[in-house]
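Trainee: Sequence:
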Amino acid sequence: MNNNKDWYAEKDTDGIVWLHLDQSETKTNVLSKFVLEALDQQLAQLATENPKGLIILSDKQQGFIAGADITEFTALREVAEARTWVQRTHEIFNRLANLPFPTVALIHGYCLGGGLELALACRYRVAADNPETQLGLPEVKLGIHPGYGGTVRLPPLIGTLPALEMMLSGRSLSARAATRLGLVDQAVPSRHLQRAARALIEKSPPPHRPPFWQRLIGQPPLRRLVTKTLCSRLEKRVNPTHYPAPFTLLELWERQGGTTEQRLAAEAESLASLLTSETANNLIRVFLLQQRLKSLGKQGIFKPQRVHVVGAGTMGGDIAAWCALQKLHVSLQDQSPERIAPAIKRAQGLFEKRLKSQRPIQAAMDRLMPDPRGEGLAKADVVIEAIFENVEAKQSLFQAIEPKLKAGALVATNTSSIPLDTLAESLPQPERLVGLHFFNPVAKMQLIEVVRGETTETEEMERAAAFARQIGRLPLPVKSLPGFLVNRVLTPYLLEGVRLLSEGVPGLVIDQAAVDFGMPMGPIELADTVGLDICLSVAERLRPAEQIPQELSLKVQQGQLGKKSGNGFYRYKGGKPVKPQPPREYQVPGELTDRLILSMINEAVSCLHDQVVEDADLLDAGMIFGIGFAPFRGGPLHYVRAQGVATIQQRLQELATQHGTRFAPSSGWKAL
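With my numbering applied, the sequence shown corresponds to residues 360 to 1031, in that order.
What the hints contain is simulated information worked out from the structure, not anything from laboratory work. Errors might be hidden in some of the hints.
With a straight-line Cα cutoff of 27 Å, these simulated BS3-like cross-link-like pairs (lysine-lysine) come out [unchecked claim]:
1) K932 to K704
2) K765 to K715
3) K765 to K686
4) K653 to K686
5) K419 to K657
6) K686 to K662
7) K386 to K364
8) K653 to K386
9) K653 to K838
10) K686 to K712
11) K392 to K364
12) K500 to K392
13) K922 to K803
14) K763 to K738
15) K738 to K686
16) K386 to K500
17) K595 to K765
18) K712 to K653
19) K686 to K657
Construct the entire structure; sequences and hints are all you get.
Mentor: Structure follows, in structure tokens:
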């Protein structure tokens, strides 16, 4: 066989060829140019040999194929160049689809993007029936849509509406869910995968077809109606100006017609335009930033099994629940069973939402142990302090628990603003204390700030980052300066929102300006969601007193703390804010967006200057995954460079002249 360093083929005694992908020098298979061209050579030779059948499989433990090599997309600058790239991939996948003998994709683990599109070019698909198997087309998350034949091959296989749902949402399916749709022909235990693939070759059944009504929806007379309906639904969740890819996909689907070749040509043209857009370039940048954060949590250096959390409040309880969901054994300590009970109740709600069926829900509950006496402390591999923000209380706690700690246990604090060195003074071994700053809500926020004090050992930072990855989170190493990164940058944004409110700008107008820029939530609603008491406490630690609007202090004094009290800057009904509409004649201040966003960006530049994080890319990653800073803009510092450093700096100087020194450009601008 025509083997190379990535692909190798074996023919068994029944005349079936097993084509293995084991991409060299990487733990993950991706479809790089080299891998695709090598596949084409394999397929060309197989076409001349005409075996009984072909089974394509991966030798990687983690999965089948993770998708295209995203790093190669960053080199595409011209539409014509991108179109040629896509068309060449079409040629290779068409060669696979047109082989005159049965072909099977044998899938385990991840099968995403281009990897799934390769599988779609096979006649059959068989997948391992286990939680690790995930099939999906997540391209919209990169600002593009499927382009290796997915828009052409998926709808006829599983039906128009399920196919569009997969492509528009970017969500992955389990093996069983994929089988129910007809995307996968069989989902079987891993030990039966090869037998099932062989049986499909032997029996060669007709390929799956969706129900007649699903095929009817895909016919031209109904396409316009379906597209209009889906666009209307989509616009309620997605801003087409910020994220055009899903709308471009619907437009493509509506006008796609003719032969397979014509539909593929339309797909290539559409994808090429998206691939070279600023939005796609920025979202691909975000993906690569995410990969960098993942790489900081080195696998294998530390894999704890038991976690002990002290403090069963909102943060501590939710940290404990999340760790239990990730299959760790967790003990949750507080002063009494009554204090722990609400956290256990919230945990059950999380497990029911995420796990669905009773057996795994009960297993997760069994892993979470209420522990008012702290009996789990001595057995824990990781100990996380999550009590209220008070220096003396935290120091006393560390002094009490330190003698009981297991040798080699990772000792962490979830403090949001207290310097680690202050807390470490209470430990005989201050070098072992590390910060693990989670964000609320714990189950949704991807980022964990891994905080390093002056005495924290590098090994402890590495172990903390590995733990963050073990529980499915992104570790961001930060220096222990007040507020670390996220809270420090977020605070001026929230305070400026409150100040605008005090100047008479309606809350809805303020929040809408931030959302229109690309933020997931405006500063007024965010302050209410975080809790106005918490916002005030953090602000008092991080900002001069004259920069804290009196309206914030007044709300706290009145007990109007936001969403948790049912009243803050907004009134809450059914857990949702009631936002009064401004008068029709209200004129939105022209500088509103700049005051919100540039106050945040100026502080981000200051953080980079103070070396809170190692470099600008990590700062951008922290702001995107920590507060949701407009991903399609690529991060605050990337946005600055796109707009022009001098332009942003000049605008800050103008705002400083008009509104005060809080907008004065920080000294860090000189280094940009």
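Trainee: Evaluate each hint against the coordinates.
Mentor: Against the structure, the hints come out as follows:
| no. | hint | result |
| --- | --- | --- |
| 1 | K932 to K704 | 22 Å, holds |
| 2 | K765 to K715 | 35 Å, violated |
| 3 | K765 to K686 | 21 Å, holds |
| 4 | K653 to K686 | 19 Å, holds |
| 5 | K419 to K657 | 18 Å, holds |
| 6 | K686 to K662 | 12 Å, holds |
| 7 | K386 to K364 | 14 Å, holds |
| 8 | K653 to K386 | 14 Å, holds |
| 9 | K653 to K838 | 19 Å, holds |
| 10 | K686 to K712 | 16 Å, holds |
| 11 | K392 to K364 | 14 Å, holds |
| 12 | K500 to K392 | 22 Å, holds |
| 13 | K922 to K803 | 18 Å, holds |
| 14 | K763 to K738 | 9 Å, holds |
| 15 | K738 to K686 | 16 Å, holds |
| 16 | K386 to K500 | 23 Å, holds |
| 17 | K595 to K765 | 51 Å, violated |
| 18 | K712 to K653 | 26 Å, holds |
| 19 | K686 to K657 | 19 Å, holds |
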